[in-house]
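Undergrad: Using the hints, position chain B against chain A.
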Amino acid sequence: MSEKKVTIFIDDMPYQLSTEDNLLAGVLSQKLNLPYFCWHPAMGSVGACRQCAVTQFQDQADQQGRIVMACITPVTDGMRISIKNKAASEFREQVIAAMMTNHPHDCPVCAEGGECHLQDMTVMTGHSVREYQGTKRTFTNQYLGDLVGHEMNRCITCYRCTRFYNDYAGGKDFGVYGSKNQVYFGRQSDGALESEFSGNLVEVCPTGVFTNKVFSSHYTRKWDLQSAPSVCSHCSVGCNLSIGERYGSVRRVMNRYNIDINGYFICDRGRYGIGFVNGEQRIRQAKGIAQQSPAALTTLDVAKAFSHFRKKQFIGIGSARTSLEANFYLKNIVGAEQFSPGYNDEEMKVAAQHAQLLTSNKAPSLAEIEDSDFVFIIAEDISQTAPRMALSVRQALRNAAKTKAEKIGIASWQDSAVRTIGGKLLSPLFSLQSTSTKLDDVCQQALLLPVEQISKCLATLEKLLQLGNAQTINNDQALVQAVKHLAEQDKLSVTEQGFIASVYKALRKATKPLFISGTSGVCANVLSNIANLMSAFTAQNKLIAPRLIIVPPCSNSVGLLSILDEKSLSIEQVLAQLNDPDKSYQGLILLEQELANLSAVQITQLRKSAQTLIVLDHSAHRLSSIADIVLPVAAVSEGDGHYVNYQGRAQQFFQVHPPVLPIQESWRWLDNIADIVGTKVTSKASDAGDHESNYYTQVVAKKTRYESLTQLHQFFLDTYAQWPKLITKKGDKTQRDKSQQKAIARMSHRASGRTAQMANITVHEAKTTQKIDDSFTFSMEGKATGQSSDMPFTWAPGWNSNQAIGQFQTEINGQLLKASAAVFIPLSSALANNPCWRLTKSIKNSTFKSEAADSTVAKNKTANHLIYVQQKNVYFSEWQASLTAEFQMLRQSNRIYINAKTAQQAEVTKGQWGKIIFSATNEKMLWVNQTVISQIFIVNDLPDTLVFGNFALCQSLHHQLEMTISLACEQEVTDYLAQFNDALIAAKKSKENILESLKIKDQTIPIRLFSGGLNDG
Amino acid sequence: METINTTIIDYQHYLTATEIAVIEHEASIMETREAAGIEALKVVQAHRGWISDESLFAISDMLVMPIAQLEGVATFYNLIYRQPVGQYVIHLCDSIACHLTGVDSVLVAIKQHLNIEYGQTTADGKFTLLSNACLGSCDKAPTMMIGTEHYQYLSPEIAVDILQKLLAKGEVNG
Chain A
20 MSEKKVTIFI DDMPYQLSTE DNLLAGVLSQ KLNLPYFCWH PAMGSVGACR
70 QCAVTQFQDQ ADQQGRIVMA CITPVTDGMR ISIKNKAASE FREQVIAAMM
120 TNHPHDCPVC AEGGECHLQD MTVMTGHSVR EYQGTKRTFT NQYLGDLVGH
170 EMNRCITCYR CTRFYNDYAG GKDFGVYGSK NQVYFGRQSD GALESEFSGN
220 LVEVCPTGVF TNKVFSSHYT RKWDLQSAPS VCSHCSVGCN LSIGERYGSV
270 RRVMNRYNID INGYFICDRG RYGIGFVNGE QRIRQAKGIA QQSPAALTTL
320 DVAKAFSHFR KKQFIGIGSA RTSLEANFYL KNIVGAEQFS PGYNDEEMKV
370 AAQHAQLLTS NKAPSLAEIE DSDFVFIIAE DISQTAPRMA LSVRQALRNA
420 AKTKAEKIGI ASWQDSAVRT IGGKLLSPLF SLQSTSTKLD DVCQQALLLP
470 VEQISKCLAT LEKLLQLGNA QTINNDQALV QAVKHLAEQD KLSVTEQGFI
520 ASVYKALRKA TKPLFISGTS GVCANVLSNI ANLMSAFTAQ NKLIAPRLII
570 VPPCSNSVGL LSILDEKSLS IEQVLAQLND PDKSYQGLIL LEQELANLSA
620 VQITQLRKSA QTLIVLDHSA HRLSSIADIV LPVAAVSEGD GHYVNYQGRA
670 QQFFQVHPPV LPIQESWRWL DNIADIVGTK VTSKASDAGD HESNYYTQVV
720 AKKTRYESLT QLHQFFLDTY AQWPKLITKK GDKTQRDKSQ QKAIARMSHR
770 ASGRTAQMAN ITVHEAKTTQ KIDDSFTFSM EGKATGQSSD MPFTWAPGWN
820 SNQAIGQFQT EINGQLLKAS AAVFIPLSSA LANNPCWRLT KSIKNSTFKS
870 EAADSTVAKN KTANHLIYVQ QKNVYFSEWQ ASLTAEFQML RQSNRIYINA
920 KTAQQAEVTK GQWGKIIFSA TNEKMLWVNQ TVISQIFIVN DLPDTLVFGN
970 FALCQSLHHQ LEMTISLACE QEVTDYLAQF NDALIAAKKS KENILESLKI
1020 KDQTIPIRLF SGGLNDG
Chain B
2 METINTTIID YQHYLTATEI AVIEHEASIM ETREAAGIEA LKVVQAHRGW
52 ISDESLFAIS DMLVMPIAQL EGVATFYNLI YRQPVGQYVI HLCDSIACHL
102 TGVDSVLVAI KQHLNIEYGQ TTADGKFTLL SNACLGSCDK APTMMIGTEH
152 YQYLSPEIAV DILQKLLAKG EVNG
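As they're listed, the protein sequences go chains A and B. Each residue of the first sequence is one higher than the one before, starting from 20 at the first, in the working numbering. Each residue of the second sequence is one higher than the one before, starting from 2 at the first, in the working numbering.
Isolated chain A (complex conformation) (with noise of 0.2 Å):
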C-alpha cells in the first residue's frame, strides 16, 4: 500500500503520504482528526456526506484556497491543504449542523451512545450549541429480525449500511427508498435480514440506527464493560473478536481489527453465537462428584471421587473445538495410544489427506484470498461453514472490475466509480457443489453434483492439465476435444464437460489462482483428487501453481491435526480398544466432545462399552446425560487458550471473565485428575533416548497446579518434546514479573469509577487481585488498550466507537502498530506423512457396521440410488453456535430441492408440501425408513441422483438411498407447522427466560477478580 509516498503540507507542516490511497485515509494515517462518515477504510470512498472537507490551496501563495472533499481527492506531491482553515472547519460544523435537525436527542436512550461515531464526529467539529427549532422528519421502523434493531429516525444518510450490506457483502434484501429529505434504509417489508452479514450494519452505521437487538435487551454502556480480546470459537477462520461482559454474563462481541484475517468485519455466527455461553444448557454444577461441604467443590472432592480410579488406563477423546492446550494435556494424561480425535475412520481418512495438503500448500489469510483472480470453490459451502472467507471471496471477484477501472486512471478506492464501471464484471469463480449456495449468484458457472462426480471431474481436470503441460491447448476447438476425449472413461455429461473446459481456460488467464475445499462433506477421495490436482500444478507446468485452502469445520480443527499422530484412534478404534478383554479399560474422557458423528445407536453402544464415562464440557448433550461424572468447563469467553486456525495460525483467546466455581477452564480440571488418572506422564529427559519405546513409559509425579497458562506452558514445554515452543512466551520468570506490571486493563478508564465496577454488589472499591503472570487485569487500572495487538477493547481519546481502531495502525487498512508476528503450528509428521490411514485391522474388530456394507446392499435393492446432502446453516452447522436461542428462533420450515424430472415424476410443483419417504439399510443392515414433511423446490440443474433440503436425516440414511415423494395430505401439513412453530416458540420462550434470569443474576452474582481453580477463595 505504502510504496509511493509523497511530501504533502497540511497547514503548512510537511507529511509524507502514500498517492495509493486518497487523501483522508492519508490525513488519518497521520493520526491527524478529520471527521468523516461515508467513507470507510475498507469500502473506499464515494462522498456523499460532504463531512471531511479540507481546504486545497494552489500553492504557497494561495490564501484563498478552495474547499474539497478530502475523501475524494487523491494525494499529489507537494500538494498544500489546511484542516484547521476556518472555512473548512466552518464548512464541517455547519455540515453536522444540518444532520442534527434530523437526528433525534435520545442519546441517553440510544444504545449506541458512548461508542457513537456521530456523538465524536460532533465533538470533533465543534458543533456544540443547536439553533435549529423546526420539526424533525421522523420514519417507522422496521422489524429487522431479533438480531439488529432498527431506529431510522437516527438516520444521517451516509449510505453506509446499503453500500455494505449490498455492495460488499452481497445482500439483496436491502434498499435505500425515496429521495431528498426522506431517505430510508431499510427491507421492502417487515422481515428478518438475510444475509449473514446483517450484525456489521450495528458496526458499519456510525450512528444508532442498526443496534445489536441481543445486546439492547441486556445493555451495558461500552465505558462499563470489561473486555478481553478473543478469538472466535465458531469455524477455522479464527476471527479475532473483542469480548464484553458485566457482572458475570457476556454482553456482546465485537470485531477485533486483524489485517490478516478479519479486517473490519465478522459474521453473524461469530457475533451472535456467543449466547450459548449464557444459555440454558450450560452445565454449572459438577455430576458425580460428593462434595463434602454443600458450599462449594473442592480439589479434594475431586481427588477423592477420582480416587478409586487411580492407576487405571482411560481412553481419551479430544475435541476439534476446545483449546490446543486441553488436547495436549488429554493426550499427554491418556498417552498417545489412547488418544482419540473423536473422527471415524472416514474422517480419520479426510484427516490425513488434509493434513498432508496442509503441510505441502501454505494456506493464505483471508487478505491473501482478496487478491485471487481466479477461484475455484469444491464440495465446500463456505458461505455457510466459513462465512467471513466467503466475504473475502467476493472482495476478490473485485479484481476484474478494480483492473479496468485502474487501466482508465480510477483509483480502486474510488468506490462508486469502480463499481460504475465494473458493472456485472467480475473474476472468474467457480463452484462444484452438492447444494446451493449463497455465492451462486457470483460464480461464472455453478455446478451441482454429488460427491462421486465432483470427485470424477477433478480427475478429468487433472487430467487436462498434464495434457496440457505435454501439448499446447491453444484454441476452444482443441480445448473442448481435448476435455471430450479425457471425459470418455468417465462417462462425464456434455455440462460436466464444458464446466472443466471453462474451468481450464480461466485457470490459463489467471495469475494468483486459488483453490477452496473443505472437510464437511467428509470425503477423503475428493481431498485425495485435489492434491493429485496440486501436484500436476507443480509439475513442470505452465500455468501459475494456485493456492489451496482446506476448511475444517470447528475453530481448532488444525490444532487438534497437529497433536494427531500415527497411534491416535478411530471412535471405531477406540470401541474396539473398549471391548477388547485383553485392555481392560476403565472407561472414556471425553473433552468437550458431543460426537455428533454417532447414530444413537452407537452412543448406546459406546455407552454399554465403558465402565465408566467422564464428560467434560460447558453444554450438555447426549454424552453428558449418559455420563457418570461431568465436569462444568468454561467456555470460550471464561477461560484462556490457544485455537489453531485453517493456516495453521495459533492465536490467543483470553479470559474475558472468571467463570462461576465450580466452571473452571478443561486444562484445570485435566489439571486435577492428572496425578491420578495420568499414569503416563513422562519427563523430558526420557523422550531424549529412543522415542517409540519408552516415550510414555516414565511417570512424573506431579506435585504442583498450574494456575496460569504460562505456567502450563513452561511445564508442557519442560516436560513434553513435542509442545510447540513458538507458543510458549519466551523469557524468563523475572521478565513476566515485570510485564505482570505492565498488564493492559481489562475495563476502560471511565467515568463512572472505580466504584461501580461490582455496583450489583457494593459500592466499595474492589481489590485487585492479579493472576500470577496474566498480561491483562479485571481492573480499570492498568495500561490502555492497543498497548499490544491483543486489544481488550478499541477505544482512543476522541474515537469511542470501534472507527478507532485507524489511531492504532501503522497507516489506514495497515498492520496494528504494536503488532507481534503470527504464530504457526507445525503439524506432526506422524499424520502428515502417513495418508493412508490404518484401517483394515480395526474394522474387523469394530462392532459398528463399515459403510461399504450398506451400500452393497443398497445398490443390489435398487439401481435407482439417491443421495441426499443436507445444507449448511450458518446458524446450525457448529454446534455451540446453535445452542443459541436466537439462532434457534431463525429456524426454517423443512425445504427439499428436487430436479424438474423429479417432480412431474412424482406430479408435484414448487411451493407445495411434499411427504417424502427415504429409505436405506442402516448399521445392523436392516431396512429403514424416514418420512419428512418438506415444502418442494425445484432446482432445474440437479441431477437425477442428488437431492438435497435443510433438514437432517437420521444417521443410517446417509448414503445411498430411495425416495418416494407424494403430496401431503393436509392434516399432515398442519401437524407438522403445528409441531415447527411450537419449536420456534420454546425458543422465544427460552430466549425470554435466559434473559429473565441474567437480570436477577446481575443484582446477586459474586464477582470474581481474580481466576484460580476451585479452592481459590
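Derived by calculation from the structure, the hints in this document are not laboratory data. The beta-carbon is built from N, C-alpha and C at its ideal position, and this holds for glycine as well. The reader is advised that the hints may include incorrect statements.
Claimed, not checked - Below, simulated PhoX-like cross-link-like pairs (lysine-lysine); rule was C-alpha separation at most 25 Å, straight line:
#: 1; chain 1: A; residue 1: 744; chain 2: A; residue 2: 381
#: 2; chain 1: A; residue 1: 482; chain 2: A; residue 2: 528
#: 3; chain 1: A; residue 1: 199; chain 2: B; residue 2: 112
#: 4; chain 1: B; residue 1: 141; chain 2: A; residue 2: 191
#: 5; chain 1: A; residue 1: 191; chain 2: A; residue 2: 443
#: 6; chain 1: B; residue 1: 43; chain 2: A; residue 2: 199
#: 7; chain 1: A; residue 1: 443; chain 2: A; residue 2: 423
#: 8; chain 1: A; residue 1: 443; chain 2: A; residue 2: 381
#: 9; chain 1: A; residue 1: 421; chain 2: A; residue 2: 524
#: 10; chain 1: A; residue 1: 602; chain 2: A; residue 2: 586
#: 11; chain 1: A; residue 1: 199; chain 2: B; residue 2: 141
What the hints assert, rightly or not - Going by beta-carbon spacing under 10 Å, a handful of chain B positions derived as facing chain A:
#: 12; residue: 7
#: 13; residue: 33
#: 14; residue: 67
#: 15; residue: 69
#: 16; residue: 70
#: 17; residue: 77
TA: Just chain B, lined up with the frame of chain A:
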C-alpha cells in the same frame, strides 16, 4: 437462496401480454435486465395508473431483480406513484424561484378549490395534489405540471381556471 417475508408474484399471470411485450423490448435493448426497471415501472403505470405492491413484485419477478432494489427505484422518482392517484396529478413546483414569485397563494387557491391537501386525491378521483422539487422553469415561475403539460406564470386565478378547464374537458371526453 432463502427469502424472508417476500411475496413472489408470477409476472406471466399478473402482467398483460402488452405490458410484457413492451417491457421485454426495453429489457432487450439494455445492457442488463434490471436496467429496464424504470421503463417497466412507467409501462405498468401507464396501463394501471399507479404501481401497486403486486405490480412491483411482478416486475421484480420479470426482470429477476431484488424487490428492495426495484422499490428503491420506484420510490426515488416522484413520477412513479406507489399509491393510487387521481386522473390528473398536479405537480406544483416547490422551489425557491416559485416561492419568491408567490406559489404560496397558488397553493392556497388550489387547495381551496379542490378541498384537498398535499398528497391527497379529490373525492371524485379527478385530481391529486403533489409538490415537486423543481420543474426547471424558474424564469417562468410559479409553475406546475399536470400530466405531460407544463403551466407557467401561475396566479391563483390562472391555476384554478386550468383545473376547471381540465375537468370540463374530461367531462366532454367522458
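Undergrad: For each hint, tell me whether it holds in the structure or not.
TA: Hint check results:
Our distance criterion of 25 Å between C-alpha atoms is met by residue 744(A) and residue 381(A), whose separation comes to about 20 Å. Restraint check for residue 482(A) and residue 528(A): the C-alpha separation of about 19 Å stays at or below 25 Å, so the hint holds. Between residue 199(A) and residue 112(B) the CA atoms are separated by roughly 24 Å; this keeps the pair inside 25 Å, and the hint holds. Annotation: proposed proximity of residue 141(B) to residue 191(A) is violated, straight-line Cα distance about 44 Å (limit 25 Å).
Restraint check: the Cα-Cα separation between residue 191(A) and residue 443(A) comes to about 15 Å, which is no more than 25 Å; the hinted pair holds. Pair hint residue 43(B) plus residue 199(A) holds up; C-alpha atoms about 21 Å apart against a cutoff of 25 Å. Distance hint between residue 443(A) and residue 423(A) is fulfilled; the C-alpha atoms sit about 12 Å from each other, no more than 25 Å. Of the supplied pair hints, the one linking residue 443(A) and residue 381(A) is violated, its CA atoms being roughly 32 Å apart against a limit of 25 Å.
This hinted pair checks out: residue 421(A) and residue 524(A) have alpha carbons roughly 21 Å apart, not beyond 25 Å. For a cut-off of 25 Å, the pair hint linking residue 602(A) to residue 586(A) stands: about 16 Å separates their Cα positions. The hinted pair formed by residue 199(A) and residue 141(B) meets the criterion: a straight-line CA distance of about 24 Å does not exceed 25 Å. A distance limit of 10 Å between C-beta atoms decides the matter here; for residue 7(B) the minimum to chain A is near 7 Å, and the interface restraint holds.
The closest approach between the C-beta of residue 33(B) and any C-beta of chain A is roughly 6 Å, which is under the 10 Å cut-off, so the hint is satisfied. The closest approach between the C-beta of residue 67(B) and any C-beta of chain A is roughly 4 Å, which is under the 10 Å cut-off, so the hint is satisfied. The beta carbon of residue 69(B) comes within 3 Å of a beta carbon in chain A, closer than 10 Å, and the hint placing it at the interface holds. Nearest Cβ of chain A to the Cβ of residue 70(B): about 6 Å, under the 10 Å cut. The hint holds.
Of the supplied interface hints, the one on residue 77(B) holds, with its beta-carbon coming within about 5 Å of a beta-carbon of chain A, less than 10 Å.
In terms of the numbered hints stated before, the structure departs from hints 4 and 8, listed from lowest to highest.
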